[in-house]
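Turn these sequences into a full structure, and let the hints guide you.
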Amino acid sequence: APADDGGQNYRQILPIYPFAVVDGGEAPGVYSAVGRTATLTFRVNDVFGNALDDETGTAPFPILYADPLLTPGEWPGVRSGYRFAATPSPSLNLALQFRPDFLAPGTAPSAETVKENAGAALLRYRTILAQAQDPNTRLALATTVLPALSAGGPAMLGRLAAFAGQVAAALQGVAQSGSITGVQPIDCALAAPIDPTQLAGRTDDVFPVVTTLTLSRDAALVDPLAARRLPAALSATQTVAAQLDAPAGAASGADPSTVTLTAFAMDFEAAFQGFDGGSGTAKLAVRSDTAGAGGPPAAESLWAMRWSATAGIMAAFTDPRAAYFTLAPLSTSPVNGAASVSSYDAQLNPVTTTQTFTAVGLDGWASAFLETVDGVLSADTAMALAQLAPDSFHALMAAKAQLAAAVAGGVVPVFQPSDTFLAPGDPAAATDRFEQALLGSLAAAYTVSAVVQVPAAVSVAGTAESGGQAPPRFFGAVGEPGQAGAAPGRAYTSSTAKLVARDSGGPSPQYLTFVVSATSPGDETDLPLSLAFQVRFMEHQIDTADEDFGYVPSEWLRFVLPTPSLDLALQPVDVPVPSRGIPPTPVMQRQSAAQAAPETGRGPLGGVLEWDYSAGVTLMELQAQDDLWLQADYNLPLPRAGGPTALGDAPGITGRLAGLFAALASFNASWTVLQPLVQALPAARGAAPSGPAPAQVAAALVARVQAVADAWRALWMDMEFLAEAPPAKQTDLFVVRFQSYDAGTVQVFGCSDASGPDGLTWPTLNGVSWSVAPSPLPAGAQPPGPGQNWFTATYPFQHEGGTASLAVVFPEMDVLTRQTGRAECWRLRNASLSSNPALVANPALVYQTPVVGFSDPVVPLLTGGALGPFAPAGALSATLTPVLAQLAQAGAATGEPRTLKVSMSYRYPLATAPDGTALMGEMPVLLADGLSMQTDGAAQIAAQLAASANAWHGAVQPVTPAGAVLNLSYVVFATIEGARLPLVQLPEVRYQVPSGWWAAEPGG
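The working numbering numbers the first residue of the sequence shown as 840 and each following residue consecutively.
Everything labelled a hint here was simulated from the structure, so no lab data went into it. Check each hint, because a few of them may be wrong.
[To be verified] Restricting the straight-line Cα-Cα distance to at most 30 Å, the calculated cross-link-like pairs of lysine-lysine (DSBU-like) are: (1) 1239 x 1337; (2) 1239 x 1740; (3) 1740 x 1568.
In structure tokens, the structure reads:
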């Protein structure tokens, strides 16, 4: 705006964007002037419309493209799709069809409406036709399956232009007649040859299936401003949808199998059959959250996997051996025992009695308990618990998870080791699979027959997953080939399984782990099965880096055509079917001794001195797994005076089962009271309770379930203990003075028997430590209380009055010197009434509250990281002693018996990875549990461990290459309130094994 117009007048020069220069006004000459320079006359007016003479004239103007390119996806009435084809030759086919239906929307559109729609579409098709006929327009067809594919070019663009011309002609007729009657769909088919063998050149095995069509121009012919603001003027890309269904208007009666996702997959896999020169193919998969044949998914929802032994992923089961695991019984015979039983009265007040039980089948108790917990967590009752007592509901769910882990701790191999018939197996994976089954249903603990493990041979020729993520995992059912789960007439069910797409050709094979349950376990002792792993899904893009709360983000793919190539036959297995529970005791009846019937001709007396011994035996609930051992003893002395000894008495329950026995007995007694109250919880929603409150019922239930869970967790680790005197008591005293809190700080005083501030464990307050380091009291300052060695520090503290929350944390205490903790506190008022630290308030003015504190101390659970490798300190026993000497002190302050669990393994380098890291092999050396811990017993334990390790070394004679280490794992346990709990865990303590050192050990 000129400076003298007072802001009333202004001018703006607008850029001119010609999108078409028409020669003669006809479409065929629309773009003939692009690339030339035109002389344009322009005139600029002010805001009132008056011409400004000094802004009128002529100027040269380059004629460039500024209009967006229109891909077939934007052509009115046109649908496009792609398919791969194997015949007559492998090709990527693009199909387009124009349907006139869109010109006549609704039930009875008027002729004028049809004309208007056709006219508007015709205007767009004139631009489409001009772009398609323009020699400066380029076309490219691409697919992610074969990134090197180069297809398109002028010939394919010419066919598109001819198709657009046909559509324009049809629209011209409709624009004149106002009717689509008699106007037929117009089809266009484009084909690009492909070379399937190029698929073998990929570096990744799992990849998306996306096809795109791109129209582009030379950047020098496109207006720069238009290219920035309208990128489609330079290049436009259409993601073409897969051709999954027949276009509307197609002939009726078409075979549905030719227009579905299944048919698309059949064509796709046929096109790439044998791409590796053998039997390999590309298996098509669709994201599991995408619709199947009922509608086309988004293009990025389709994926493919190279299934090939030489250029992709392949899995097979060739090892005829298998491993079998199952749950060990809690007790193999009925037990007797007395227990202190905790129960409730009608108002849920605790009641404790001592009861005596005889001939108890502990597994029967346990099975009934697990079924009861499942019932409580059924949909209706669980929902009521969640609404009425959410805290108890969450506690019950946590107890269920604890129970699943505790029960699974009893999983053991079904058979003794056999190199000929059994695979070594993976006990940890079997336990985990059993635990997963229990997380679904706790009662499965006594219905699962066996966890079966079959060695798998997996090969990965390329990169199974791009981007450095975890390798994909195959998921599917294990069952009869071609059928899910159990086959008709076979009395078993089987679970799903997973297999990781990683090369398992190393020394530790990968196992396919699954669960088999006999539907009638009492009818047969084993199940000879011929099974297949029916791969149906793949979990991929597993991003372990973003794992949160145990959840790992991933994507799921469903294979469209899983059979037959993804039905992986297993070697025959013979699944054992152990029976659960103690069988009823046999009943002996009708014992008698009778003279045998005389027979003539049998000696001089004719059999007069011969007698028959008879006895009757009754077996209740006979099962195929039963064996009857019948022993007949003769020449036994007759009973002495005082009567016969009772036969068949159950042994008393002692040792490791006593805690679980008492907990289950308490649950059984409590359940008689709790059961009707729990069953009434669903009806209690929205109604006033007539008895104990729902929250009280839920809390009582959780207490009993948690007690069983705790006892079961301790079951597999229970040992005999030796008590020991705790270390000396230590006391630290702190005073937090809020005198200057309005200035954002508080003063903290600390006192200890130590000689300096480092003898104190200074706390953090509300998450922050001191801002002014601890130091002795200033000269002349009075300590806040009795005692010597007072120190003071200044802490940041933000507070605006009212109720204050103070989080106090004493960090980084040495568990060997401070092993348990308990806090108590009281409050003074008026103890400091001056900023002068030398002034002491009159005690008569100082208020003091009662002392409050916790009744019981707490015990830490400590887990260390990797330690070492340490150099040997002489003999092995001397090398192990320093760590053991410290562990011997851990937990002594609890005043409870402590034990030590030690595992030792020998690790040695096998090879060096490309990144320079050593690939380590590992051999187990020993596992010792229940070692009694005493502060003066470290040397004795070290000697025992060294002796066992040296004996192993002498028998195995392992190689000792550079980098070999001994790895030890230590766990110190204490028995607290009947449960064996870990106090200190050192999972990895490593010691160097120089060449020749171990061999010099006694026994080595």
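Hint check:
no. : hint        : in the structure
1   : 1239 x 1337 : holds, 24 Å
2   : 1239 x 1740 : holds, 27 Å
3   : 1740 x 1568 : holds, 27 Å
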